[in-house]
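Engineer: Using the sequences and the hints given, assemble the complete structure.
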Amino acid sequence: MSERGERICERLRGHGVEYVTWLPDSETRFLHQAMLEDPGLEMIRVCSEGEALSIVAGLHVGGKRATTLIENNGLFDSGNALRWLSDSRLPLVLLVGYISYRYMTPGPRGRMWSDDYWPGVRDLTEPFIDAFEIPHYLIDSDDDVDKIDQAYAEAERTSRPAIALITSADGYLAGT
Amino acid sequence: MIQRSDLLRAVREATSSEIVVSVMSAVKGWDRLPEHFFWCTAMGYGSSVGLGLALAQPDRKVIVLDGDGSLLMNLGSLVTIAGVAPPNLIHVVLENGLYELPGAVELPGEGRFSLSAFARAAGWTRVWQARELGEFESRLAAALNEPGPVFLSAEVAPGSGEGLPKMTLVGMTRELTRALEPE
Numbered sequence: 001m002s003e004r005g006e007r008i009c010e011r012l013r014g015h016g017v018e019y020v021t022w023l024p025d026s027e028t029r030f031l032h033q034a035m036l037e038d039p040g041l042e043m044i045r046v047c048s049e050g051e052a053l054s055i056v057a058g059l060h061v062g063g064k065r066a067t068t069l070i071e072n073n074g075l076f077d078s079g080n081a082l083r084w085l086s087d088s089r090l091p092l093v094l095l096v097g098y099i100s101y102r103y104m105t106p107g108p109r110g111r112m113w114s115d116d117y118w119p120g121v122r123d124l125t126e127p128f129i130d131a132f133e134i135p136h137y138l139i140d141s142d143d144d145v146d147k148i149d150q151a152y153a154e155a156e157r158t159s160r161p162a163i164a165l166i167t168s169a170d171g172y173l174a175g176t
Numbered sequence: 001m002i003q004r005s006d007l008l009r010a011v012r013e014a015t016s017s018e019i020v021v022s023v024m025s026a027v028k029g030w031d032r033l034p035e036h037f038f039w040c041t042a043m044g045y046g047s048s049v050g051l052g053l054a055l056a057q058p059d060r061k062v063i064v065l066d067g068d069g070s071l072l073m074n075l076g077s078l079v080t081i082a083g084v085a086p087p088n089l090i091h092v093v094l095e096n097g098l099y100e101l102p103g104a105v106e107l108p109g110e111g112r113f114s115l116s117a118f119a120r121a122a123g124w125t126r127v128w129q130a131r132e133l134g135e136f137e138s139r140l141a142a143a144l145n146e147p148g149p150v151f152l153s154a155e156v157a158p159g160s161g162e163g164l165p166k167m168t169l170v171g172m173t174r175e176l177t178r179a180l181e182p183e
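Those sequence lines, one after another, are chains A and L.
Going by the numbering used here, the first sequence opens with residue 1, and the numbers climb by one from there.
Going by the numbering used here, the second sequence opens with residue 1, and the numbers climb by one from there.
Hints listed in this document are in silico derivations from the structure and should not be mistaken for laboratory results.
Not everything, but these chain A residues come out facing chain L in the computed CB check (under 10 Å):
1) 59
2) 60
3) 66
Calculated Cβ distances over 10 Å to all of chain A for the following chain L residues:
4) 3
5) 6
6) 14
7) 15
8) 18
9) 72
10) 97
11) 106
12) 108
13) 117
14) 123
15) 134
16) 141
17) 158
Pulled a few chain A residues facing chain L out of the computed Cβ check, cut under 8 Å:
18) 44
19) 46
20) 58
21) 90
C-beta atoms are modelled at their ideal positions from N, C-alpha and C, and glycine is treated no differently.
Structural biologist: This is the structure we're talking about:
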C-alpha cells in the first residue's frame with residue numbers, strides 16, 4: 001500500500017474526517033486503496049461528483065466531518081454544486097485528483113498537455129478552481145502531505161472550501 | 001391533484017424537529033414550511049444533501065422536498081441513496097411535469113417517464129404515490145413513523161404558491177448548523 005496514501009488518511013482523520021464521498025479515478029487510485037483499508041474512514045460511493053460535493057455539505061452541517069475523493073474532470077461537471085458549496089460558506093477541504101498532471105508542462109497560460117498527448121491543449125483545472133476564488137494546494141510528493149493541514153487552516157480562516165489537488169503516487173496508468 | 005401550498009402546509013403540520021431540505025422551486029409558498037431546520041440546495045442536489053444530513057443525524061428524520069425537473073438532473077442520486085439506504089430519509093418529489101421557475105416549461109419526455117419507476121428500478125423498496133391531499137398526509141405520517149428510506153411522489157398542480165425564500169443561503173446554512181449542534 002502507498003505510504004503517501006496512508007499519510008493522507010492519517011491527516012484526514014486528524015482533522016476529524018469520518019466520511020469520504022468517492023467516485024474513483026486512476027490518478028488517485030493509490031489513495032482510494034489506502035482509504036478502503038482505513039477502518040476510520042467510511043467510503044460512500046456516488047454516481048456523480050456533484051453528488052459527492054452535496055453529500056459532504058449535508059454531513060458537515062449535520063455535524064460530521066467529511067471530504068471528497070473525485071477527479072478534476074468531474075469537478076468541471078459540478079460547477080453549480082461547487083458554487084453553492086462556496087456560497088454556503090462551509091469550511092470544507094475537498095480532495096480532487098489532478099488527472100494526468102505528469103503529462104503536462106508549465107506554460108505561459110498555465111499547464112499545457114505535452115505534445116505527445118494533446119498538442120496545444122491547455123489544462124483548465126487550476127483556472128477553473130481560481131474562477132471560484134477557492135484556494136488550492138498541490139499534493140505531488142510525500143513532503144506535500146503537510147499542505148493538507150494548510151488547506152484546513154485556510155478553510156477555517158475564511159469559512160470557505162479549499163481544495164487539495166492530488167497527483168498519482170504510484171504512476172498507475174488508467175485501465176491497466 | 002394536490003395544491004402545492006396545501007402540501008407544504010401538511011409538511012409543516014406533520015413535523016417538529018425534522019430537517020427539511022428543499023430545492024428552490026419546490027418551496028414557493030415558503031411561509032407554510034417549518035421555521036427551523038431548513039436548507040435550500042443547489043439545483044438538482046436536494047436528495048444528495050439530504051443523504052448527508054440523514055447520515056450525520058441518524059436520530060432525526062430528514063425530509064427532502066424535490067421537484068421532478070430537479071430530480072431529473074440528479075437521477076444517479078436514487079442509486080446512491082438506495083445503496084446507502086438511510087432509514088431516516090424521506091424523499092418527497094413534487095411532480096407537476098414542469099420547469100416552474102422559467103415560466104412553466106414542460107419537462108423533456110413529459111408523460112412518458114415515471115420517477116417512481118426509476119426509484120424502484122434503482123433499488124428503493126418503499127415507493128409511494130399520492131394524487132390527493134389526504135393520501136399525501138397519510139403517506140407522510142407513515143413515512144415519519146416507519147423506517148425508510150421512503151420515496152413519496154406527489155402529483156401537484158402547476159403554478160400554486162407564492163414567492164421564494166427571503167433568507168440568504170449563508171443565513172439558512174448557519175441557522176441549520178446551529179440548530180443541529182449538540183446541546
